[in-house]
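Visitor: Take a look at the letters that make up each chain.
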Amino acid sequence: MAFRCELRFAGVGGQGNMLAGTIIAETAILHEHRFATQVPTYTSQVRGGPTKADVIISDNHIEFPEATHLDFMLALDQRTYDMYKGDLKNHALVLIDDNLVRISARERDLWDVYGFPIIRTAKYEVGNVLTANILAVGMTVELTRVVDKEHVRKILQSRIRPALLEVNMKAFDMGIQAARALQLQKINQRAGTTLLAGQFVQAQDSSFVRESAPPT
Amino acid sequence: MADVQIMNGNQLIAEAALVAGCRFYAGYPITPSSEIPELLARRMPEVGGIFMQLEDEIASIVAAAAASYAGYKSMTASSGPGISLKQEGIGMACMMELPLVIVDVMRGGPSTGLPTRASQSDYMQTRWGTHGDHMIIAVAPGTLLECYTETIRAFNMAERYRTPVIILSDATLAHLSSGVTLPPRSALEIVERQQPTVDPANYRPYETSPTNPVPPLPNRENFPRYRFHMTGLNKDATGFPTENPASVQADENRMINKIMDYTGAIESFEHYQLDDAQVAVIAYGSNANAARVAIKEARSQGLKVGMFRPITVWPFPFQQVMELGRKFKHIIVSELNLGQMIHEVQRALQGRSELHGVLQAAGTPIRPQQILQKIREVSA
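Protein chains in written order, with this note's numbering: chain A, 1 to 216; chain B, 1001 to 1380.
Read the hints as simulated data drawn from the structure, not as lab findings. Incorrect hints may have been included.
Under 7 Å between C-beta atoms, here's a sample of chain B residues computed to sit facing chain A [stated by the list, open to error]:
id, residue
1, Ser1034
2, Ser1178
3, Leu1182
4, Pro1183
5, Arg1185
6, Ala1187
7, Val1214
8, Pro1215
9, Val1293
Far from chain A, by Cβ distances over 12 Å, these chain B residues were calculated [said to hold, decoys possible]:
id, residue
10, Asn1008
11, Val1019
12, Arg1107
13, Ala1118
14, Glu1243
As the structure is a prediction and not an experimental result, all values here were calculated from the model. Glycine included, each C-beta is placed from N, C-alpha and C at the ideal position.
Between the sequences and the hints, there should be enough to build the whole structure, so can you do that?
Guide: The structure is reproduced here in structure tokens:
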């Protein structure tokens, strides 16, 4: 069956969710020769209003660019999450900033939920809160494998101005590592072990220090 | 796919304008059209054109019309609230018979409405927004590629028929980014306005002949050699006001007929899976994409449905819709407003078909599922 994936990057204006969507869509078009669309939705309130970018990646021409059956959603804001979660398919992958978004136990059963303090990590560990969206892109790519991460790196190199490239690449790598850690944590949880994601990341990369483990 | 470019609908309209030969843009930024002036502010000087940001919407359309008078291919862009303000200038350009392209990236309304949300609620405003008997050409691109090709066609028709042409885009299309492969320049037809052949001393800006209802108008190059008068008052061939009843009546008729006699060349539409269909959907602009998905889904469920998609939305494709009325018992009109084109459809159907609407003014796009639901109801 032909490949098709619907992704939504949701948060508030100013977090860079539009750009996160653009990066994924551009990667698919320019480096993976797939069809992709990006449609932003935002309010007239430029910063702080609920925003989302819908990205569809497909082997076939995309007729209707608004996502209606989401395979993946990033949520960096509670209100926006609540507004736009209705399009998630069962078992869809949901990535939240767990400092900012609360998900009910029922929803955790419905979807495959990953929580991580995305914005706090960008601010204190990457060292620039503006890289939160790129950290989220790293996590998205690692969790979904919707595009190749080396291809994403090429897009980042072409889009981000040189002075900010290094810090954004750091954020991207940290996102990949964080996602790996969360995946392993989930595997371990299912296997009944209690190894925390933070410990795993530390074991993998001593430069990565988390402030605290995510809620389990 | 080496020549794939990633652009949104607004950027494609701006680039197409340059390819069509537009060398003057005047505008006042307004969401969701602002990427058009944003791109042209940079690109226009690169091609030797003029970009002006004016103090308001009215100044913008008047400046764009004036540039057309001076021989420039000219454009302005706005959204519903700005188009409301521009109506006086649109009427003036109709009366003066100035080639002009006006982009209306529709958003919710009335008034300030929903600045960032998609809508198709300017459909009737486009036709009847300015006062007085007049005809207008309006095109509604439905895809990113059509944002490009229909803009070029809009310029061509503006120059060919000496008339304002409106591009009806919407917020969804304007901000949709995707990969587009543009047609090669050699494949594009670019129309230039017909030039006067008479001595400048004998030139009359509204001199027509029975075989040519569109009077020649000097281009940029020729403009300095010609001196002529234009006014918003009803005019005679010289461009000066007249109240001679016979002359006014003839001119009013000609201004309508110079478009209505050429609808065969102006009209553009798509028939999508209509041949064996039992139900027809009529949709236009970005909303037609939802209809297309709904039709595919309906067909996979064994329901024979097709779509008639007008691309030239004014003049309304009366004849085409009348013929649909002869063939289809049920016709569904879907548009992102509370019912505008549906009234034109109803007029053309003359009661022949049962008419159904999928209408919405919520600020969100109509989803394929909603149209599919109506197809199911109608087919049952």
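Visitor: Hint by hint, say whether it matches the structure.
Guide: Results for each hint:
1. Given hint, Ser1034 of chain B at the interface with chain A, is violated; its Cβ is 12 Å from that chain's nearest Cβ, farther than 7 Å.
2. Given the 7 Å rule on beta carbons, the hint for Ser1178 of chain B holds: about 4 Å separates it from the nearest Cβ of chain A.
3. The interface hint given for Leu1182 of chain B is violated, since its Cβ lies 14 Å from the closest Cβ of chain A, which is over the 7 Å cut-off.
4. For the restraint placing Pro1183 of chain B at the interface with chain A, the shortest Cβ-Cβ distance is roughly 17 Å, beyond the 7 Å limit, so the hint is violated.
5. A cut of 7 Å between beta carbons decides the hint on Arg1185 of chain B: the least distance to chain A is about 23 Å, and the hint is violated.
6. Given hint, Ala1187 of chain B at the interface with chain A, is violated; its Cβ is 20 Å from that chain's nearest Cβ, farther than 7 Å.
7. With 7 Å as the threshold, the beta carbon of Val1214 of chain B stays out of range of chain A, its nearest partner Cβ sitting at about 38 Å, so the hint is violated.
8. This hint is violated: Pro1215 of chain B has a C-beta 43 Å from the nearest C-beta of chain A, more than the 7 Å allowed.
9. A cut of 7 Å between beta carbons decides the hint on Val1293 of chain B: the least distance to chain A is about 5 Å, and the hint holds.
10. Not every CB of chain A is more than 12 Å from the CB of Asn1008 of chain B (nearest about 9 Å), against its label as outside the interface.
11. No beta-carbon of chain A comes within 12 Å of the beta-carbon of Val1019 of chain B; the shortest separation is about 22 Å.
12. Separation of Arg1107 of chain B from chain A is inadequate, the least Cβ-Cβ distance of about 10 Å not exceeding the 12 Å criterion.
13. The non-interface label for Ala1118 of chain B is inconsistent with chain A: the shortest C-beta to C-beta separation is roughly 9 Å, within 12 Å.
14. Taking the minimum C-beta to C-beta distance to chain A, about 47 Å, the non-interface status of Glu1243 of chain B holds against the 12 Å cut.
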